[in-house]
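Taken in order, these protein sequences are the chains called A and B. Anchor point for the first sequence: position 57 equals 58 in this note's numbering, and the numbering is continuous, going up by one each time. Anchor point for the second sequence: position 157 equals 158 in this note's numbering, and the numbering is continuous, going up by one each time.
One thing to keep in mind: the hints can contain errors.
A pair holds if it fits inside one copy or across any two, identical chains being indistinguishable in the list.
Okay, derived cross-link-like pairs now, EDC-like style, lysine to aspartate or glutamate, Cα gap no bigger than 16 Å in a straight line [as the list claims (entries may be wrong)]:
1. K222 <-> D51
2. K216 <-> D163
3. K222 <-> E137
4. K187 <-> E80
5. K187 <-> D163
6. K222 <-> D81
Don't read these hints as lab results, they were simulated from the structure. Model, not experiment: these values are computed from the prediction.
2 protein chains.
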Amino acid sequence: MTSRAGIRLFVQAPLTAGVSLIMEDQHVHYLRNVLRQSEGDHIELFNGRDGQWRARIAVLDRRGGSFMVERQTLEQTSEDGPWLLVAAVKRARLEMIVEKATELGAARICPVTTVRTNSERLNRDRLVSIATEAAEQCARLTVPEIGAMTPLKNMLMDWPTDRRLYLLDETGAGVAIAQAFTAHPKELGAALLIGPEGGFDQSELDAMRILPFVKALDLGKRILRAETAALAALACYQAIAGN
Amino acid sequence: MTSRAGIRLFVQAPLTAGVSLIMEDQHVHYLRNVLRQSEGDHIELFNGRDGQWRARIAVLDRRGGSFMVERQTLEQTSEDGPWLLVAAVKRARLEMIVEKATELGAARICPVTTVRTNSERLNRDRLVSIATEAAEQCARLTVPEIGAMTPLKNMLMDWPTDRRLYLLDETGAGVAIAQAFTAHPKELGAALLIGPEGGFDQSELDAMRILPFVKALDLGKRILRAETAALAALACYQAIAGN
Chain A
2 MTSRAGIRLF
12 VQAPLTAGVS
22 LIMEDQHVHY
32 LRNVLRQSEG
42 DHIELFNGRD
52 GQWRARIAVL
62 DRRGGSFMVE
72 RQTLEQTSED
82 GPWLLVAAVK
92 RARLEMIVEK
102 ATELGAARIC
112 PVTTVRTNSE
122 RLNRDRLVSI
132 ATEAAEQCAR
142 LTVPEIGAMT
152 PLKNMLMDWP
162 TDRRLYLLDE
172 TGAGVAIAQA
182 FTAHPKELGA
192 ALLIGPEGGF
202 DQSELDAMRI
212 LPFVKALDLG
222 KRILRAETAA
232 LAALACYQAI
242 AGN
Chain B
2 MTSRAGIRLF
12 VQAPLTAGVS
22 LIMEDQHVHY
32 LRNVLRQSEG
42 DHIELFNGRD
52 GQWRARIAVL
62 DRRGGSFMVE
72 RQTLEQTSED
82 GPWLLVAAVK
92 RARLEMIVEK
102 ATELGAARIC
112 PVTTVRTNSE
122 RLNRDRLVSI
132 ATEAAEQCAR
142 LTVPEIGAMT
152 PLKNMLMDWP
162 TDRRLYLLDE
172 TGAGVAIAQA
182 FTAHPKELGA
192 ALLIGPEGGF
202 DQSELDAMRI
212 LPFVKALDLG
222 KRILRAETAA
232 LAALACYQAI
242 AGN
């Protein structure tokens, strides 16, 4: 399914015509040794702010490399996708969620702790690099923001007024997902909250259900693993209410 | 998200009240050593035909075990979900597709070969055991059928008249996914076809587009990996047109 994608790299530097950029070390390695590129080859660069730019590999040898930025090939767009709040799950599954949520257009991925979270330490740098690589491969113009691990309680206390929070409610008390997303007001953003493997505590469910910005979703009679629920809800939101 | 599930096991034998079943070897190991169950504990059994039954662990020791089947807790339902046709992808990703597609209610998962398929050998027994375990955990009453690797061409020549085939078309030529599934005729089954990493060959696309049972789907502007496309489409189908 990747036939439309050329080589795309995310960079930190500002992008503008005629500028020369020193390559980051990991790009030197990746372009030389993994992708077997040479001086004179062209690739695409993006930085999340300036759109996508065609760049020529000006220098590439064992000591380093540089790009010559030639011309803009895509204008920046906002990519204002839904947020995903994930109560910590095991590392491999969280990494998979980050990769897939990036492909599915999440704007922000926030690991949260809940009453029943078995909190493993979070390697945020690794999650950022998984998100960056997925953004490069799926033709996004932004990399989703990876939040620091935050107690769910704190996020709820500080919730923005222009964003609805969809709670994936494993007790079956919510609204069917297609119905909920069809009714999503265009002027609001969205966030999806996925509970921990052991489910939310009853006190958390009670507290969330009375918050005006929370809507509980029912994902059907089968019991989904946390990561399946996250990706299913995100895919449905994007198909029905998203971009 | 698994708080509603007790211990459930898929068995081959017929299930009826008062029958005693010899445990399969892997269940003896799993119940004793992984789940630390003992004689007298209760679990649920299903076989894909007779619904779900409460059973007591009558014998469980190092030499083997048996169940006493007590009473039916759920009647069998048809679980007539969509089929998933997957052009072979790398083993780890295919295994992930099988696990998640089971949770999302696929009735049949068929690995297919296409013009651009890099065919790895398929370990079908392993895929069946992944599907079985996922069915046990997600509260299904059936295990999806895992097809043998088949050329896509052969499947198309022999296509059932009562099932629509949705082609995940990475060229962007298809109909938006929410629109297509909203218009899915209730009397037809569905199948979703995911191409290989290199995309379908133009000759395949041309041949499929003129078949009356094929509808091309557009999954949006981002380029999805094969497994992300498969699971996103399946989740959307189930939410919009499915059970």
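Taking the hints in turn, this is what the structure says about them:
1. In this homomeric assembly, K222 and D51 never come within 16 Å of each other (Cα to Cα): the closest approach is 45 Å inside a single copy and 19 Å across copies.
2. Proximity of K216 to D163 under the C-alpha cut-off of 16 Å is restricted to the intra-copy arrangement: shortest distance 14 Å within a copy versus 37 Å between copies.
3. For the identical chains of this complex, K222 and E137 are inter-copy neighbours only, at 14 Å across copies versus 36 Å inside a copy, given an alpha-carbon limit of 16 Å.
4. For the homomeric pair K187 and E80, the shortest alpha-carbon distance inside one copy (15 Å) is at most 16 Å, but the shortest distance between copies (35 Å) is not.
5. With identical chains, the CA atoms of K187 and D163 are at most 16 Å apart within one copy only, with a shortest distance of 11 Å there and 37 Å across copies.
6. In this homomeric assembly, K222 and D81 come within 16 Å of each other (Cα to Cα) only across copies, at 14 Å, whereas the closest approach inside a single copy is 31 Å.
In this structure, only the earlier hint numbered 1 is contradicted, and the remaining ones agree with it.
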